[in-house]
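*Asks:* Here is how the chains run, residue by residue.
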Amino acid sequence: MKAVILAAGEGTRLRPLTVSRPKVMLRVGDKPIMQYAIDALREVGVRDIVVVVGYQKERIQTHFADGKDFGVNLEYVVQRKQLGTGHALLCAKDHLDGDFLAVPGDNILDGAMVAQLLDHRSDVTMLCTESAQPRKYGVVELDGNRVTSIIEKPPRRISNLISTGIYHFSHRFLDLLEREVGAGRFELTHALQAAMAEGYAIRGELTTGLWLDVVFPWDLLSLNARVLAGGPSRQAGTLESGVTVQGPVSIGEGSVLRSGTYIKGPVSIGRGCDIGPNVVIYPTTSIGHNVTLSPFTEVRNSVIMDNVAIGGHSYVSHSIIDEGTTIQSHFVTCAEPKLLLIENELIQIDKIGSIVGESCEIGHRVVVDAGRTIGAYCRIEAGNRIIKDIPDSARVV
Amino acid sequence: MCGIVGYTGNRQALGLLIEGLKRLEYRGYDSAGVAVLGDEGGGLRIQKAKGMIAELERRLEPASGTTGIAHTRWATHGRPSDENAHPFTDCGGKMALIHNGIIENFQELRERLLAGGHKFTSETDTETLVHLIESHYKGDLVVAVRKALREVRGSYAIAVVHTDHPGTVVGAVSENPLVVGVSPEGEVVMASDVTPLLPFTNDFTFLEDGDVVELRAGSFRMTNLSGRKVTRPSHHIDWSLEDAQKGGFEHFMLKEIHEQPHAILQSLMGRITDEGLVALAPKDVDKVKIVACGTSYHAGLIGKYIIESIAGVDTTVEMASEYRYSNLARESALVIAITQSGETIDTISAVREAKRRGTRTLAITNVVGSTITREANDVIYTRAGPEIGVAATKTFTTQVVALYLLAFALGLRRRTVGAEDLRRLREELRRLPAKVQTVLNSHEAIREAAHRLKDCQDVYFIGRNINYPVALEGALKLKEISYIHAEGYPAGELKHGPIALLDGRTPVVAVVVDDPVRPKMISNIGEVSARDAPVYAVGYEDDVELAKVVDALIPIPRTDALFSPVVAVVALQLLAYYTALLRGCHIDKPRNLAKSVTVE
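Just so you know, the sequences run in chain order A and B. If you count the first sequence from 1, position 180 lands on 180 in the numbering used here, and the numbers rise without skipping. If you count the second sequence from 1, position 81 lands on 81 in the numbering used here, and the numbers rise without skipping.
These are calculated hints, taken from the structure and not from any lab test. It should be emphasised that the depicted structure is a prediction, and the values quoted were computed from it without experimental measurement. Just so you know, nobody snuck in bad clues.
On the chain B side, residues computed to face chain A include the following (Cβ under 10 Å):
#1 M269
#2 E541
#3 D542
Below 27 Å or equal to it, Euclidean Cα-Cα: the simulated BS3-like pairs (lysine-lysine) are:
#4 A:K57 with B:K454
#5 B:K246 with A:K57
#6 A:K93 with B:K246
#7 A:K2 with B:K246
#8 B:K246 with A:K81
#9 A:K2 with A:K68
#10 B:K138 with B:K94
#11 A:K31 with B:K246
#12 A:K68 with B:K22
Glycine included, each C-beta is placed from N, C-alpha and C at the ideal position.
Input sequences plus hints: build the corresponding full structure.
*Replies:* Take a look at the structure:
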């Protein structure tokens, strides 16, 4: 059986982390989000996968290529304009010849969930889960295992059950989908509602597996913590004498950890990094490839993406530093509890630091207040204190 | 250039041979052919066609047999045509032969064979070979091949089959690549390059000059021209078949451009620390001579600036094809040879000449086990992964990265660079993958700029100092794939001639970064604008002054001027790519060009 992974969207709510990559390529734990979907499909023996790409597709194609390094065969189709999930799925139509699976590329999921779906096939089978924030998803009502209604992002609370976006479809569903999309109803939920009206048997399966979604940039930290916990320890690279490593810590090839460095897992470090001497990394931290952390720097509960350099005597806590950013010495993120206003909703976060977008250049002695975001491609000169959000490409003198 | 595939095993050979040829397509060719040897005296079936492999496939008729040879030809003697395509047969029609390279004494051999009654059907040097082997054949094919080749002057890689020897393919090389592998099922495959062998195995044996190999199902045997047994080491190469597929990209070239951040990271891996650097640098170097061709030559030109400024070593750069014509009896410089494939015949000859002149040689190449790695004393691999697009991209940037590492290593040994400076430079080098990624992220802007070039007849590229070779490379990329006439010039040379050619329809692309020559570049741009020529600049994104004096700015991120060539060239690669795309050109297989130039 073939599967379709939907990976065309940008994830605008995740800016600035998505200015140059689609949401599916955000790194959680030690791999991009979409890789969780690919691993899950391969685990249950689904190897022929059609990936619907669009926004910044080159980033996906360079990483996954033909899929052989990941044990699958990938084909790509391009959704030129991101109109909706139904339209995206329809883009893969010519590559599908029988029943098929549809899987979101931007959620974390596991093989057991896909297996559960395969065990309960119907005209349409969807995997549902309980959510604390159902209003952001397609909300589902069930009668036993029969889906009685599905409503996209309802304004008021109907049920806590949402669609995970993981589906099994019979092939004939595609004709119905084509008709709906042709009539300008671009969301998959539109087609599902139409299918329901036409008497398709739509089955809902409740999963208790680990299904996670990143909605806002800050979610990345909690997701990273959940994924890294229980992760494996795999150590390549060079550890100089006097390095302490405790708990689950994985270190990639070609990385050098210099004397006096202290690491407490769960921590994941990519390939070709240069860390130390005397750097401290606390749980739960994920560090990408080719990252430099200079002496006397402390990093805790943070995500540091590829090609980042952080100068000495810095303190990075509960923060996300996007790829290619260079930070000079004595950089401080003031991590504190904070009430944040996100899309007109006040959200209390226990402890947050800051988000720094990609390819920023930050001078010596820069201090960022809790909960602040610095956009992509910014230049912050030495000695500044950042007390409000900084837009992309800004220069702070 | 020409490509050879040979197969013997338990499956039908025809389809496998055609598949193999397709994997060699990128080498460039103008005709293709195949010979299948029928099992149990089933005769020889030869089919060939001028044009693409697809053309051969269209005309292909079934041929039964589990042994065969196939060829793509890039014309040197005799124009591309059905008749001149390989394989060629002997007078008796029992033997078929394919050949890469050039036989220098073919005229005298041909006359002798004509006098001996042999009948020729073409004007090629290759046909001489098959008749020569026929004249020596007394029942043992390998012996006949050896005897014939002892009479030959020139370069060759050949593959031969004979109806009296079912299940056998004989190959031989001199100054041309040929590699052999055995699949777990015992199929034996031979080709000009590892890519056709990838579906069968990851362990390869490269033939060396004067080797003759006999393939039979299950194994192969190697001897030299005098019949003595030889053994060659087996190399394990970790490329997968799929590394050589397009993975959703429209062209290999675009895929390879986008792979550059990763490729650069791979070439830095483990080499940027003190310990890593020391391993790279040969001792006692006080003079360097770089030899290379084409794009690799441009990498060498950048290398001159890098090595001189970091390591303070006097460096010259020569075209590999011209190196041997100097009358130097002794060479005192370390000779650095740069070749992507490791098979570029001119570069290999230059290394041989350098060794003859008694000096050490160091090769910078992308292909493990290639000929140059056996010829040179030391090797630095660029680790870029397979490059299929004929226009070199990621192999160029990783060659330059290898030269930075080498210069750092030399500087460290010679103490020409302070610890603090070296630390800063290394950090900046580490940032290159991110900066290249930033250029890739702005590909839409570059595509816009390409619209301005697509209808031009001529384009000039200018740069100074370390970015002068970038102008050369930008021009080379544009002419290679878009067929627009393009020239690169040192900006200071414009006034000494080319400025006469400028007018409102001839744009100039300038590479301008923040270094001491920037004011001079700005005034050169002024001279160009005064002749109404549109000026497009590749420059730092925040260079407001530059943006004011040019018609369009292609922005690149700020970096130390020493590293700016790698960042700037990526913008020019994309510019060439999109221009060619807008003009509807065959980007991965430009006309008349070959990926690996194995003839002189």
